[in-house]
Amino acid sequence: MDLIESNLLALKQLEFDSYNQDFLLTWEKSRDEIEALLLTAEIFAEMHRLKKPFRLFDFGLAISIFRDNSTRTRFSFASAVNALGLGLAELDEVKSQIAHGETVRETATMIAFLAEAIGIRDDMFLGEGNRYMREVSAALREGFEAGVLHQHPAVINLQCDIDHPTQTAADLFHLKKHFGSLEALRGKKIAMTWAFSPSYGKPLSVPQGIIGLLTRFGMEVTLAHPPGYDLIPEVVELARENSQSSGGRFHQAESMEEAFAGADIVYPKSWAPYKVMEERTALLKQGNREGLKALEQTCLANNARFKNWECDEAKMKLTKGGSALYMHCLPADISGVSCERGEVAREVFEKYRLETYREAGCKPFVIAAMIAMARIPDLPTQLARMNA
Amino acid sequence: MDLIESNLLALKQLEFDSYNQDFLLTWEKSRDEIEALLLTAEIFAEMHRLKKPFRLFDFGLAISIFRDNSTRTRFSFASAVNALGLGLAELDEVKSQIAHGETVRETATMIAFLAEAIGIRDDMFLGEGNRYMREVSAALREGFEAGVLHQHPAVINLQCDIDHPTQTAADLFHLKKHFGSLEALRGKKIAMTWAFSPSYGKPLSVPQGIIGLLTRFGMEVTLAHPPGYDLIPEVVELARENSQSSGGRFHQAESMEEAFAGADIVYPKSWAPYKVMEERTALLKQGNREGLKALEQTCLANNARFKNWECDEAKMKLTKGGSALYMHCLPADISGVSCERGEVAREVFEKYRLETYREAGCKPFVIAAMIAMARIPDLPTQLARMNA
Amino acid sequence: MDLIESNLLALKQLEFDSYNQDFLLTWEKSRDEIEALLLTAEIFAEMHRLKKPFRLFDFGLAISIFRDNSTRTRFSFASAVNALGLGLAELDEVKSQIAHGETVRETATMIAFLAEAIGIRDDMFLGEGNRYMREVSAALREGFEAGVLHQHPAVINLQCDIDHPTQTAADLFHLKKHFGSLEALRGKKIAMTWAFSPSYGKPLSVPQGIIGLLTRFGMEVTLAHPPGYDLIPEVVELARENSQSSGGRFHQAESMEEAFAGADIVYPKSWAPYKVMEERTALLKQGNREGLKALEQTCLANNARFKNWECDEAKMKLTKGGSALYMHCLPADISGVSCERGEVAREVFEKYRLETYREAGCKPFVIAAMIAMARIPDLPTQLARMNA
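Chains as they are written, first to last, in this note's numbering: chain A, 1 to 388; chain B, 1 to 388; chain C, 1 to 388.
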């Protein structure tokens, strides 16, 4: 039995109803739904490898709204919707970052008459990004229920202030391939750690998304960061609860070394403390340029105290067999390459470079799976038909 | 007999030849052609509702040229061409707004080798927008006749200084659905009135397009605006003639109240006086920033004298049964929502909000119908085949 | 036998293997490959004329990266990929023009997971453009060989510092149609000459590409320019060698008049001396605005000494029968139209205007042929199948 057949079989065992549902946070999705997502993404990836089309739509737009720069996710989204048969349209918002209310409600409807999916990145403003997505979602639901829209476009979170589900699901897909199955992840140790970067203000969505998702699969998840670099407390609490339910473990460490010890997987990645992000959000809303400059200076000075939080060969030696899998959402700050001193040493990155590309290569298929699950009724049957 | 069948039957009764014709002004189109447009748009909308594709093209580009901002029309155009099977390409003109002559002629040809339709918005310069479209059109015709182009791309007016046919045809489609038929519009009273706005320089194309189109269907059309807020005289004269030919009525009122009295439909919408637009065009051409600032001040001060031209609940009570259909091309300036004081009171707008969304939802299908009629030979037969 | 049948027959006689190969310089391609390119482009053009689709792809992206402005090539690329069934995605590089190394390698892979072709324009920096394309190409090859990419996207040169193969192949296609066959070009005289322009810094890629390509077909190629307006010496040497191998002739003339004498074809077009382009590249890299301004002044003053290098009616009289074919890659600087005094007199341009449009009209089909040859295994069989 080949990969597609066995995935189709596995899909039939799962119970989920994703039709007409958005994808905003992985922890709003059942375990079965997450598994179905990976199985579907894997089917799409395999079909693509075999040059079999998976054009599930005859028409329809997929709209992207990027409120922050993006190359990787932009092209992953463009690739996914192209393969599904949808047309891509980008909404270029020159308006205020924090437009809310009437404008959001109306605009969402106006662009959606023939839309099947709306992908949104809004990750810069703590407390805003996910909320904006829900405003768009509510408008679309109202429009669909009132018959204004013939269909219910799915909102796909392409990174918000809380979670980055297309990234973390792609990471999980990568881990599943690497270790052979989701079951094989049980008991595996992953170190999600802060790392030094010469820039500031990096979003929290990746570390939060990683601890929020991987704790559901019985993994031993260690979160480590310097004092003060906290994540949103609610997500840390959620990770703790997840690990208890799944029979895994979640704990926090004080140093990269401690977290790396015996790890099967390491994910060293910079972020800004959530308290700083809160302060920054307030300053951005005020348009307070002086305040922002001062905050940046303070933060960079603070970062500089933790330059030793670099993933180098010495620290990699601490991991299981000295050969843990290195992960990164890219682009990484690579010491001596993209910056003088950064998140990862040149030699370590180069050793795992192609692996990180493979990790990134999961994303287009994950996005395609999210859209397909939300928009195609009885998707498993459709997939079986395409592969008959 | 379902809606599609009956529309196909009705289409066969009409005489029109839209093949290889642009869509620049509704009043250049015969009554039969307008009716065919609505029947076709309605077929497309119904097919979309039933999830039946109407992909009439196997290949080809649809190009949009937006010389003024747009979200609604941009996405309507993108949606329409996607559903028809065309690829969208946007021409981003960094060049002067009033480029003419050789450049227009050559550029039009260069982008059109595989194009089926070119949609243009050029509404800011009185005397320029429609003229520019005709220059593009002439170049394409020359190219087609000389064999430079294999096909004759249709120019679609996405709003000019004179008319806004995709909007007004969508409005007519909405009215047809609301009242049941075009025949049912005979004798219905519509108030096309100016309304107060805290901004200035809004185009004249919607009110002009509305009085130029609806007077052809035996409606009683009342135009009302404060002294000085005149439309282009030729269009007002055209509306008068239309109403005489169609057995309707056209007259002008001095106040919103007078126009609303007994109206079945109200369309309160701000615009700038055409004399101001003429002056503004001259200043823009000169690049006279001081002059433009001064003009804006004068105009805003003048607008402010007519703040009572707001569509509020009291004025709505004057309409037939107090429940006329409220229309707007969106976005409306809503008092207490998008501005302190604007075109329409919050309560009135909220009551009709979903209706205005439905009105807007007609536009993608109207645009698709315009392109299909201009580019598909014997369209009714093709539509019948797709629905067999 | 119709054109498509005879081209399919001719294609079978040729030996070439373009699958998984980029298109970066025409002189890296065998004579058979160039002939196959023209035969394929001609088949696509004829299919388009007959309204037969040549949608060879079911899915996949074609990505364009424009590091310099473009309208013609942009739309030719958009048209080509649409007709082939690919989705267009543009990479908007806000980053430095001369980004190299890690960033290029990673970005190239990140955008390419579902890409079939990447078209690049990078023509402003001498010594950089073609090199950048090869960096992208190397990254894609590495990704393909490592299994990171399921397919090997083709890099298509949409104009670099050395060559402009989509333009020159379109020019050759135009000449083939005009004179009836490639064989008919043998012994034909073409004058590739500099011409006066009121602007400065125009790339060298067209004249270099023309002498590098047409010397391979037994033509008599004359290059003429004022003293100092040299092309890259290596390309001039290459043209000389080509002409010896092909049984043609290549020589340099001192004046437009000398080059035009007895010519069958004239291609008068402005460019900047390569020494100036070298100096300009250095200044641009330094961000030296003062230096750039000074260089521009010197160059414009120097240009002005050669205002008589205009293609006017008197000079056209010197050509064979006074009726040589005039060619230009467009847009031309037309005296009295787009500038006071330019490359070509108004009367000459107007006489050949539609011919230059036909020349430009070859480009979409040439680009489609380049992509198809690089990405479709056994293309001749596929083409035969589509036309069976």
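Treat the hints as calculated values from the structure; they're not laboratory data. Treat the hints with caution; some may be incorrect.
Computed cross-link-like contacts, EDC-like style, restricted to lysine to aspartate or glutamate with a CA-CA straight-line distance of at most 16 Å [as the list claims (entries may be wrong)]:
no., chain 1, residue 1, chain 2, residue 2
1, B, 202, B, 279
2, C, 177, C, 46
3, A, 202, A, 58
4, C, 317, C, 347
5, C, 307, C, 355
6, A, 275, A, 230
7, C, 52, C, 128
8, A, 51, C, 58
9, A, 52, A, 5
10, B, 52, A, 58
11, B, 293, B, 312
12, B, 12, B, 312
13, A, 52, C, 58
14, A, 285, A, 128
15, B, 351, A, 142
16, B, 275, B, 241
17, C, 52, B, 58
18, A, 351, A, 290
19, C, 51, B, 142
20, C, 12, C, 32
21, C, 275, C, 128
22, C, 12, C, 28
23, C, 202, C, 35
24, A, 351, C, 58
25, B, 51, A, 312
26, C, 351, B, 142
27, C, 320, C, 234
Here are some chain B residues the structure puts well away from chain A; computed CB gaps all over 12 Å [stated by the list, open to error]:
no., residue
28, 10
29, 91
30, 233
31, 279
32, 291
33, 308
34, 323
35, 359
Footprint (simulated), chain C over chain B, 3 or more residues, beta carbon under 8 Å [said to hold, decoys possible]:
no., stretch
36, 57-69
37, 362-375
Where a beta carbon is used, it is the ideal one built from N, C-alpha and C, also for glycine.
> Which hint numbers does the structure go against, in order from smallest to largest?
Replying inline: 3, 5, 7, 11, 12, 16, 18, 19, 22, 23, 24, 25, 27, 35 and 37
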